[in-house]
Structures are given as C-alpha cells and as structure tokens.
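K.L.:
Given these sequences and hints, build the entire structure.
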Amino acid sequence: RVASAFNLDTRFLVVKEAKNPGSLFGYSVALHRQTERQQRYLLLAGAPRDLALPDGYTNRTGAVYLCPLTADKDDCERMDISEKSDPDHHIIEDMWLGVTVASQGPAGRVLVCAHRYTQVLWSGSEDQRRMVGKCYVRGNDLELDPTDDWQTYHNEMCNSNTDYLATGMCQLGTSGGFTHNTVYFGAPGAYNWQGNSYMIQRKDWDLSEYSYKDPEDQGNLYIGYTVQVGSAILHPKDITIVTGAPRYRHMGAVFLLSQEAGGDLRRRQVLEGTQVGAYFGSAIALVDLNNDGWQDLLVGAPYYFERKEEVGGALYVFMNQAGTSFPAHPSLLLHGPSRSAFGFSVASIGDINQDGFQDIAVGAPFEGLGKVYIYHSSSSGLLGRPQQVIQGEELGLPGLATFGYSLSGQMDVDGNSYPDLLVGSLSDRIVLLRARPVINILHKTLVARPSVLDPAFCTATSCVQVELCFAYNQSAGNPNYRRNITLAYTLEADRDCRPPRLRFARSQSAVFHGFFSMPHTRCQKLELLLMDNVRDKLRPIIISMNYSLPLRIPEHPRLGLRSLDPYPVLNQAQVLENHTEVQFQKECGQDNKCDSNLEMQAAFVSELGQPLSRLQYSRDGRKLLLSINVTNTPSRERAGEDAHEALLTLAVPPALLLSSVRPAGTCQANETIVCELGNPFKRNQRMELLIAFEVTGVTLHTRELQAQLQLSTSSHQDNLWPVTLTLLVDYTLRASLSIVNHRLQSFFGGTVMGESGMKTVEDVGSPLKYEFQVSPMGEGLTALGSLVLGLEWPYEVINGKWLLYPTEITIHGNGSWPCRPPGDLVNPLNLTLSVPGDRPPSPQRRRRQLDPGGGPAPPPV
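Here our numbering is used: the first residue of the sequence shown is 34, the next is one more, and so on.
Do not take every clue at face value.
Restraint ranges, calculated between C-beta atoms of paired labels, are given here [said to hold, decoys possible]:
hint	residue 1	residue 2	range
1	VAL153	ASN53	24 to 34 angstroms
2	GLN741	ALA697	21 to 31 angstroms
3	SER371	SER495	56 to 66 angstroms
4	TYR197	ASN511	31 to 41 angstroms
5	GLU342	ASN214	37 to 47 angstroms
6	THR478	GLN71	41 to 51 angstroms
7	GLU704	GLN607	42 to 52 angstroms
8	LEU645	SER745	18 to 28 angstroms
Straight-line Cα separation of at most 27 angstroms, BS3-like style, residue types lysine-lysine; simulated pairs [as the list claims (entries may be wrong)]:
hint	residue 1	residue 2
9	LYS802	LYS834
10	LYS626	LYS715
11	LYS715	LYS802
12	LYS270	LYS236
13	LYS106	LYS52
14	LYS619	LYS715
15	LYS792	LYS802
16	LYS792	LYS834
17	LYS477	LYS558
18	LYS246	LYS270
19	LYS246	LYS236
Everything labelled a hint here was simulated from the structure, so no lab data went into it.
No experiment lies behind these values; they were computed from the predicted model shown.
Glycine included, every Cβ here is placed at the ideal spot set by N, Cα and C.
P.N.:
Printed below as a string of structure tokens:
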C-alpha cells in the first residue's frame, strides 16, 4: 500500500499549534482567502474544547482560530463570535464552538457552528434545557457585519419549544457548509436522533428555508451527521442535498434529497451500507472524478472491517449515472489497514497535479500516528492505488497523533497554481501540506546512429553514437516558469544480453550515468564501442534510458513559506524511460528478419567414405568416422537467408571418444560436442564435417551405437528437429592356440590285431596324448556365444587300418564344456577304457615286438 511521494511536500511544512493544550485544536479545519481589508490566505481551525474568554460565567466554550501563513507556530488569533453568556436564556458552556468550520470560497463568508449550544426554557421556577445547537456566519474578514443579512439571520432552524421527539435536541451544526447562495446544516439529534438536514437559500432578496420533513418513523439514524450540497448531482442546475445517516438500519446510509415547493426536501435515493457498525455515511464528498460534468459521490465507512484480510475502514466510490441516479453498489471500494479508520475523513482537494482531473484525500487517523492517502482520477474515474501516502511519523512533529482527522483543500494558498491541503488532528496542531510544481518532460528523444551497424566501419573511438534530448513544461501551464531543472539519467546498452555487446567509451561499461540541465542544454551525445568477439549479431542491441529528478535538500530546512518553485517533481503519470535499438547489418531481406533453411545429412562412414550400417568391431580396429553435410540453400518454403549463430550439437554414447575434426577447431567437446558452423552461416553456404571417434567402450554386450544431432540458429527456422543415427555393432573375438610340448617319444609295434579282437584300449597299443591350450584375447564369451576348436589327425593308414585311434577328449578350465565331435569319431569301437590308476605310469608306449623272438626297437615317431 505504500506509494512513492508525489507532489505534496512534506519538508517545508506550515504548522500551527493550540494556545491551550487539550482544546482539540484541529478537530475541524478550513482554508480561507481573505480579500476584505487585506489580501491574505488563512488557515481556520476549530478548537471545540478551548477555554472561554473570561466573563465570570463560563469556563469552556470552544473557539475558532484564524492562522496566517507564516513560519511561526503560535501566531493564530481567536475569532470573536461575540456570543455572551446568559444562563437564564442560553448556555454556551461546553457548546463545542468550532465543531464545524467552513469557508464560502474566495471572497466568501465563514461559517462556524456549536452543536451543543443550549436554549433554556422556564416553566414556573423550573428550567428545561434544549440542546438545539447554533451556527454563526461571519464576513470575509471574519468580523460581524450588522448590515449583512447572511450574518444577522438567526440560523436557528430547530424549535426549542419542543422536546427530543421533535427538534428540541436537534444539535444543529454537527455539520454544515456553503454554496454561493445557500448555507446548510446537519442536525442529527432531531426527532429522537433520527436526524434532519436544513438549508437556507437566497435568491435575490428572497430567502427560503428547507428541511427534510418525511419521518422515517425510527430514531437513532443520525441523518445530517454529514451534509454536502451542490448541483450537477441529480439535475444539471438544481441543487441536491446529500446527507449521511451512519446508523440507518445499523449499517448506515446516504440520503439524496431535492428541493420541493413549500420548503420541503424530498428523498430521491438512498444508498445503503453493507456492514453493521461500519458507520457508512459518516464522511462524504462530492467531486467530478471523470470530467463528465456530473458530480460523483465518495462515502466513508471508517469502521468497516474484514478480519481475514486485515482490513480496517473503507471508502465507497459511486459514479454518477449522468444525473439519473447513482448505482446501488459502488463502482470502486477502497480499503485501509486494520484499525486505521480509513475513510474517517474524505475531501475533494482539487487538481493537485494539474493533469486536468480532480483528486481526493482520505484520512486514516488511527493508522500509526495517522496517515492521509492521496488518490488521483482519470477519464475512467478514481484510480485504485494511492499516488501518495503522507505518514504522520515522517513529518518529525513531536506529539503528533490522529493526523488526518480532518481535511480541507481546493485552494492554492502559496500562489504556485497548485491547490494545497490542510490537515487537522486531535493533538492540538494543524499541518498545511503545499503542492510542489509538476514538470512534464517533453521531447524525450533517444536516437542511435547508425541504426544499422556494420562492424567494419567501427573506429577506435566510436562505433555507435547516441543522442538524447529533453525539454519540459509545467503542468499548470505557467509560461513564466523557467527554473533550472537538472535531470539524472541512466543509459544502459544491451541490458537483456550478458555479456553486453556495446560499452560506453566514457564509462568503459555498458551503463552510463549522467546529468542533463534544462532549459540551457538541449541535447547530449555519447559514443559507444563494440565489444570483441560478438556472437549474437541477429538480435538488435537495445539502448534504454531512464531518468529522474534528484531531490534537492536545502542546507537549512525550516518550517514556513519557503517557495516550492525550486523543488519541482516529475509527472509520475508519464513513462520515465525511453529506448532505441541498433540492428546489425545482415543479409536478411527488407524486413531485416532472417529466415534460414539449414539442412543436414549425416552418416557413419568407413575410412574410404563408404556409409556403414554395421560396425565390425575388433580390438585391433578402434576408429569410427562420422560424416556430416550442412547446407543453407533456398527452397520453395524457406528463403535460406543467413543463419546466425549456427551450431551443430552432437550427443554420443560414452563408448565414443572425440578424436579429431575436419575442419580443425570447429568443434569443442564437453558433455556434448558443439560445432560452430558460422556466424552467420551464409545463404547458399555448404559445409562438410568429418568427425573421428576412438571406440573405447564397446563390449560383447553392445548391440548398437546411437548419436543424436541437432542443428540450431538464432535466425528464424521452425523445422530443426533432432536427427538420430544408429549403427549396429558386430564384435569380432580373437583367441590364441598353443600346443603343450611334453617331449615324448612313442613307438608302436607288436602283434597285429583286427578290430574284432580288440576289447580294451590297451589292445590298440601304447597311448599317445596331445594337449592344446586355448585363451580368448579379451573378455570371455560367457553366455553370448561359443568358441570352436577344430582338430585333424591321421587316424588310419592307406590300407584302412587304424593308425591313431581316438579314445577320449577331456577339457580342463574355469568351466565344464563337453566336447562331442559330430559323427562317431571318439572310441568308435566302444572299447573299455582303463581306470586312470591302472594305466602304466610311463607316458611311453611299451615296445611291441614284431616277432616272438624280439628284435631291435622301432624308430621313434
């Protein structure tokens, strides 16, 4: 809810304090312009609990003070009402003089009221008191002029000869005010506190009294608690009386009354509150918010609350429906913080920023030390966010509390064409907040030259030149306002790009802070340089500017009427920034929008450039090549213009390790492989990449290798989809074979025996053992496949007789693998194998004699 300060000044305050503490000085306030006897502006403040002037009869009557616009806090003068005490006829003790204070406007009169003024009636020796209230009209100079009918008229609208069921306790003057030809009063105590509103209208020499005579047949409504009168409400010219009744049906209401013949006020519309006890209607204001010529209605409900939302106080905004009526429901509902009594006071304060629309102030006297919220309006009505919040804590006034209890505006008291605001409190002081001049910035131009940048034309001192120009006027339209205004501005190049592509020559960074003095300086120029190694040449370089008006702090701040002309503020409704852009020179057509047409063909290839569908992997050959062809040529669908920041990104499995790239230096490997194709990759350009990988992680379990390729560019192209290449893998396993040499000599001989005579393997002859050792080079096959060992041996001689009879094949190793050659090759005669323990211990075959007598041994085999 906090809003930045706008144009109500909180440094050069005009503060006035009560002469008698506890007098409630500031309970009511009004701005007044005196034109009779002297020309001056006055601050009027009611002090309804002030001490009486010494007369020997009364102690406390209340008072109204007139305060000049000076730096002195204690120079207020008491207004002389000339009401003398006469206890036998009327009682002025504690009559709360000053409960209402109002000014008729420039050159107009002043109204002050005492709603507890009491008439005394005698019935024999017994007196009866009637608290009817009384209001006093005084002249422009705040003195009594006996020749002025406005001032000499009794203004006693209530009949003291009746009791409280009629108007004997009406408490006239609880509210009141002026128009140019009327004076009006609220009397909430009339008719058993049902309340009533009264108006006296003067036309030429005629005087007419009006009152609301339609009984509501119920008490305690408080009609007349607040009253406002004006035209252009329900009729373009006729007067409408708007009066609040904060206890109507316990939720409050606002009555809209019109004049009738015979002095009656007729009810035209009732706007009802929405929450019990909110005191809807206790504060009202009329103001044309949207400049449609009809007055809109603001209604305060200071005790409105929403527990869950921490809301305390509300302001209802009813927009006039072209004089026909007001809507039953508010056009806008504003809320204040919890326990703030937001909406306790509300006032139309004029056009304080001179934007052509009326503004309002809303008091929240119990939020901290009190706050005043300033709202602006527009052609659509009241703006929903406060443009300024004046906080009592920030004013630096010791003892201040309930700041914002009363408000008065719509008058320029210091002559700078901006209306000011008078704020009252219950802490015996009033504060005048004056409006500072508002500056409109005109012709806030920001131009960059050249607007299309060709880096080839950059020099060592300048690549881009920016020119900024400012001019201003005062929102009030005063042609004589020619103050020296110094703007603080900030220029930033390429704010949305990191790192930026331009820097200022004077600041060596992309940000430059400067000052601009008006009206003497018209324009300023600054040089910018292009950064090295700029990649992004597609997006424009945005040069942005924002500006502000530095707050001038006087050397010796003081209270009083220091001129506010040297302390203007910028119009917050204006956009306080500007920007321009610089395009890079590029071949992208008249629209300067690059529509590229990047296309790619890729395949795994052999060293001879032949496409591969399978990889015949072996541990001796570990090189794999990837061939990629990229083009950017026009097609029927796409223009094929320059592709800026053209990149190729490859994602490959861990089994492939980047080895080399042709052309060299094109690609960089990290988690992925990124290849720069060109910036830009020009129209009709072609490029071939040959990327070599070391195949390091292929295993027997590897079935395929996949690579994902992605083209990208900052130019416009929406069909760049990822491409996936798949290469099947065949794994070639190599093994080693060796023969274990036992250095054995074997002989054969003996009796020749046919197959039918053989029963055991010993019948064949001496055994001969061959041992082979097989070792896979690398990892084992396990369950992935089988390793085959093929053997050939001489098993018979030319005549068909056995030479080497295979008896048995055994395998030793980390596992158990049976060896069953196809066909009946091993022990085909099914001879009995000897038990290993029964075999001869010598591996030599025993000598078999060729004849019974023996003979020489045969030669070794």
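K.L.:
Hint by hint, say whether it matches the structure.
P.N.:
Quick rundown of the hints versus the structure:
no. : hint                                   : result
1   : VAL153 with ASN53: 24 to 34 angstroms  : holds, 27 angstroms
2   : GLN741 with ALA697: 21 to 31 angstroms : holds, 24 angstroms
3   : SER371 with SER495: 56 to 66 angstroms : holds, 59 angstroms
4   : TYR197 with ASN511: 31 to 41 angstroms : violated, 56 angstroms
5   : GLU342 with ASN214: 37 to 47 angstroms : holds, 45 angstroms
6   : THR478 with GLN71: 41 to 51 angstroms  : holds, 49 angstroms
7   : GLU704 with GLN607: 42 to 52 angstroms : holds, 50 angstroms
8   : LEU645 with SER745: 18 to 28 angstroms : holds, 27 angstroms
9   : LYS802 with LYS834                     : holds, 20 angstroms
10  : LYS626 with LYS715                     : holds, 14 angstroms
11  : LYS715 with LYS802                     : violated, 76 angstroms
12  : LYS270 with LYS236                     : holds, 14 angstroms
13  : LYS106 with LYS52                      : holds, 10 angstroms
14  : LYS619 with LYS715                     : holds, 10 angstroms
15  : LYS792 with LYS802                     : holds, 20 angstroms
16  : LYS792 with LYS834                     : holds, 17 angstroms
17  : LYS477 with LYS558                     : holds, 14 angstroms
18  : LYS246 with LYS270                     : holds, 23 angstroms
19  : LYS246 with LYS236                     : holds, 22 angstroms
Hints 4, 11 from the list above are not met by this structure, while the remaining hints are.
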